[in-house]
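Q: Each chain, written out:
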Amino acid sequence: MSETTFSARDFESVHTDEAVQVIARPSLSYWQDAWVRLKDNRRALFSLYLILALLAFTIAGPWVWTVDPQTQDLDQISRAPGPAAQATIVAPYVPWDGSTLAPPGTGLRLAEPATTQAVRLLWEPVEGARGYRVYRNLFPIGEERAFGLPLFDILDPLDTSFEDRLDLKPRNYFYSVVELNPDGEPTGAHQTIEVDVERVTTLEEAAAAGLVPEGAELREGDSVELAFHPLGTDYLGRDMLARLMSGARVSLFIGIFAPILYILFGVVYGATAGFFGRWVDQVLMRFSDFVVALPFLLFMILIRVASGVQPGESGIAPLVIALVLLGWPATARLVRGQILQIREEGYVSASRLLGAKTGYLVLRHMIPNTMGVILVTLTFAVPSAIFTEAFLSFIGMGVAPPEASWGSMCNEGIKTMLTYPHELIFPALFISITVLAFNMLGDGLRDALDARMRGTE
Amino acid sequence: MGRYALKRLVQGAITVWFIATATFFAMHMVPGDPLASDKAVSEKIRANLEAKYGLDKPLLTQYGIYMGNLARGDFGISFTQENRRVNDIIREHFPVSATLGILAVVFAALGGILWGALTALNRNRMPDIVIMLLVILGISVPSFVFAALGQLTLVNINNLLGFSLLPVAGWGTVAHMLIPSLVLGLGTMAYLTRLMRSSMLEIMNSDFVRTARSKGVPAPRIFTHHQLRNAILPVITVLGPSIAVITTGGFVVEIVFAIPGLGRYFVQAVQQSDYTVIMGTTVFYGAFLVLMVIIVDLVYGLIDPRVRLE
Numbered sequence: 001m002s003e004t005t006f007s008a009r010d011f012e013s014v015h016t017d018e019a020v021q022v023i024a025r026p027s028l029s030y031w032q033d034a035w036v037r038l039k040d041n042r043r044a045l046f047s048l049y050l051i052l053a054l055l056a057f058t059i060a061g062p063w064v065w066t067v068d069p070q071t072q073d074l075d076q077i078s079r080a081p082g083p084a085a086q087a088t089i090v091a092p093y094v095p096w097d098g099s100t101l102a103p104p105g106t107g108l109r110l111a112e113p114a115t116t117q118a119v120r121l122l123w124e125p126v127e128g129a130r131g132y133r134v135y136r137n138l139f140p141i142g143e144e145r146a147f148g149l150p151l152f153d154i155l156d157p158l159d160t161s162f163e164d165r166l167d168l169k170p171r172n173y174f175y176s177v178v179e180l181n182p183d184g185e186p187t188g189a190h191q192t193i194e195v196d197v198e199r200v201t202t203l204e205e206a207a208a209a210g211l212v213p214e215g216a217e218l219r220e221g222d223s224v225e226l227a228f229h230p231l232g233t234d235y236l237g238r239d240m241l242a243r244l245m246s247g248a249r250v251s252l253f254i255g256i257f258a259p260i261l262y263i264l265f266g267v268v269y270g271a272t273a274g275f276f277g278r279w280v281d282q283v284l285m286r287f288s289d290f291v292v293a294l295p296f297l298l299f300m301i302l303i304r305v306a307s308g309v310q311p312g313e314s315g316i317a318p319l320v321i322a323l324v325l326l327g328w329p330a331t332a333r334l335v336r337g338q339i340l341q342i343r344e345e346g347y348v349s350a351s352r353l354l355g356a357k358t359g360y361l362v363l364r365h366m367i368p369n370t371m372g373v374i375l376v377t378l379t380f381a382v383p384s385a386i387f388t389e390a391f392l393s394f395i396g397m398g399v400a401p402p403e404a405s406w407g408s409m410c411n412e413g414i415k416t417m418l419t420y421p422h423e424l425i426f427p428a429l430f431i432s433i434t435v436l437a438f439n440m441l442g443d444g445l446r447d448a449l450d451a452r453m454r455g456t457e
Numbered sequence: 458m459g460r461y462a463l464k465r466l467v468q469g470a471i472t473v474w475f476i477a478t479a480t481f482f483a484m485h486m487v488p489g490d491p492l493a494s495d496k497a498v499s500e501k502i503r504a505n506l507e508a509k510y511g512l513d514k515p516l517l518t519q520y521g522i523y524m525g526n527l528a529r530g531d532f533g534i535s536f537t538q539e540n541r542r543v544n545d546i547i548r549e550h551f552p553v554s555a556t557l558g559i560l561a562v563v564f565a566a567l568g569g570i571l572w573g574a575l576t577a578l579n580r581n582r583m584p585d586i587v588i589m590l591l592v593i594l595g596i597s598v599p600s601f602v603f604a605a606l607g608q609l610t611l612v613n614i615n616n617l618l619g620f621s622l623l624p625v626a627g628w629g630t631v632a633h634m635l636i637p638s639l640v641l642g643l644g645t646m647a648y649l650t651r652l653m654r655s656s657m658l659e660i661m662n663s664d665f666v667r668t669a670r671s672k673g674v675p676a677p678r679i680f681t682h683h684q685l686r687n688a689i690l691p692v693i694t695v696l697g698p699s700i701a702v703i704t705t706g707g708f709v710v711e712i713v714f715a716i717p718g719l720g721r722y723f724v725q726a727v728q729q730s731d732y733t734v735i736m737g738t739t740v741f742y743g744a745f746l747v748l749m750v751i752i753v754d755l756v757y758g759l760i761d762p763r764v765r766l767e
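Listed in order, the protein sequences are those of chains A and B.
The letter at position 31 of the first sequence is residue 31 when you use our numbering, and the numbering goes up by one with no holes.
The letter at position 226 of the second sequence is residue 683 when you use our numbering, and the numbering goes up by one with no holes.
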């Protein structure tokens, strides 16, 4: 056996880097972990940006787009979205007696180019007719002979001219002249003409509306640019973009504020029931079962009536109150369940052993540990509150004119759905996008925050 | 089962009492004299109402009279229409709403189960992606937009065909009912599809399905006897609340399609401040919904015996 000799050097520790010893990743708090997970979820992140954009639209929008949502632009009623419209300047209106030199041709025809100032029609006298009835329609005359709006009855067979000045829009119209029999009833015979109406204005009107650029010398035949409405106007000529912004304030206020209030109440209620347990729990939860059983929409309306809002009036405060009164039980039940569970956890017992008081336990351990669930509930509560507001405003039981919300705008828009679909489409689109964004964010938050629900879908 | 049913019925009765009480006190919070509105109530009606409800007596006495009448199934007399009992109004208009609602629930449930199963079986393939996109649309678009679009499509189809394939509005025949009930059920159908899909996905990975497969049970039989039957259970649980959502959601569809249902009548009653009709309709609807939830729960108990043990 050979002898091994050791020197002092052999007992020196090999140099080690302290940092290498640390093999754990930095510890993440619950919220940091949730944020990391949320950031990885592209759909949730996208919906978060969408919501931020909607909030910016609502809050900062009116500073960028300063058009007053109440102002009526009577030149451009129900205008479809698009670039600013041009109007040709023409001479002021001169009454017409139908005696202009008839342009060549026969049958129903225009006496002069049709403008929004006047449409002047001419036709030939018809043998045996007692007179004529003039109609205007927005659509071609089909099989069923729907002529549209009757404009005038002419009871003289020789009077074969008509001037229309009724609320003319720059669009295509179908004018029909139907012969009347001796009893003044329309016979089947009719002539129809399609008329393309040009947008015109006079110098005075343009000046009065502030459309003439400074220092510009305008003559007849020139064109001026009318006020710009990127998303068009509604049936009273109000700017859609500005109205959508002011509607967003109402819709999002109700949609976000009411859920915050009722979830807060639900948390307090549920925490009380869960923490005290026994008969307190029994009584409180039985009562919440009753509230759940109330028919939701009927009671929304009932509470509105009960707070003295007359039909046709706007009731934002009653709407929020009703949502709070009826919305809390789901949160209360959820939080109670959570508290019952957390109450039995080891760290709560440990804390109690160390002398923690009830209030401290609730505030330090119970509420923070239910925050994730509460936040998810809140995110899902927003779209349902927005839906409720829209639904009620739509049937005229929520926000009423002149105040705008997305729901009440839909209510107004549906009346002109066939002719001016943009008045319904835009507010409906905003409701859908908002609801969609909050739902997707809710899904993402649930995946990120709630470990137990992870991977259920 | 009998005890369970009885317990649920007693609970239901107490809930209906609570709904009636809440309705009564809510309506008595309305500021001012309900009879002194601008839509003048005729002397005859006024005298009748005061005598019947003891409107000059204290609130609690009125409450007693009201509950007594309700217990006898008497909802009172309309404020705005002479000699029209609320019971008659409900009898006349509710069957319409109920038919609409039942059809909508059937559409929603069948559609939800079918689409949900289809998406789960084709997970992450084309049918799944397309249907789930439609589901997202169904969940985020408000019902009145569907109603408006449904009507618009109908008008266009009828115009295109040159004859009336399906009526655009009104009520009476089966043809009138199809589109409105479909529109009414659409939102719930989307929700149920989502629920069915996740429940089906869970079942597909469960042990008993694997066992069945290993025993050599043919795939169609596994689908009908093992997967579908178990996956439907969560859908049935939410069917009770869904009936509530659909029947009260009928308001909009009834208004858009001009259907003479109770929902439309209720909205009219609110506009005319017809308090007895408002109260009667609310209590009636509330009782109906409570009953529906109980029935669904009992059916659930029959299908899934585990529930009764709780």
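Treat the hints with caution; some may be incorrect.
Said to hold, decoys possible - If you want the footprint, here are the derived chain A segments under chain B, 3+ residues with CB under 8 Å:
#1 120–131
#2 195–203
#3 286–295
#4 391–400
Claimed, not checked - Restraint ranges, calculated between C-beta atoms of paired labels, are given here:
#5 Trp65(A) with Asn581(B): 39 to 49 Å
#6 Asn581(B) with Leu166(A): 53 to 63 Å
#7 Phe46(A) with Leu606(B): 24 to 34 Å
The hints are simulated quantities; they were obtained by calculation from the structure and are not laboratory data.
Just so you know, even glycine gets a beta-carbon here, dropped at the ideal spot from N, CA and C.
Q: Of all the hints given earlier, name the ones this structure violates by number, lowest first.
A: 1, 2
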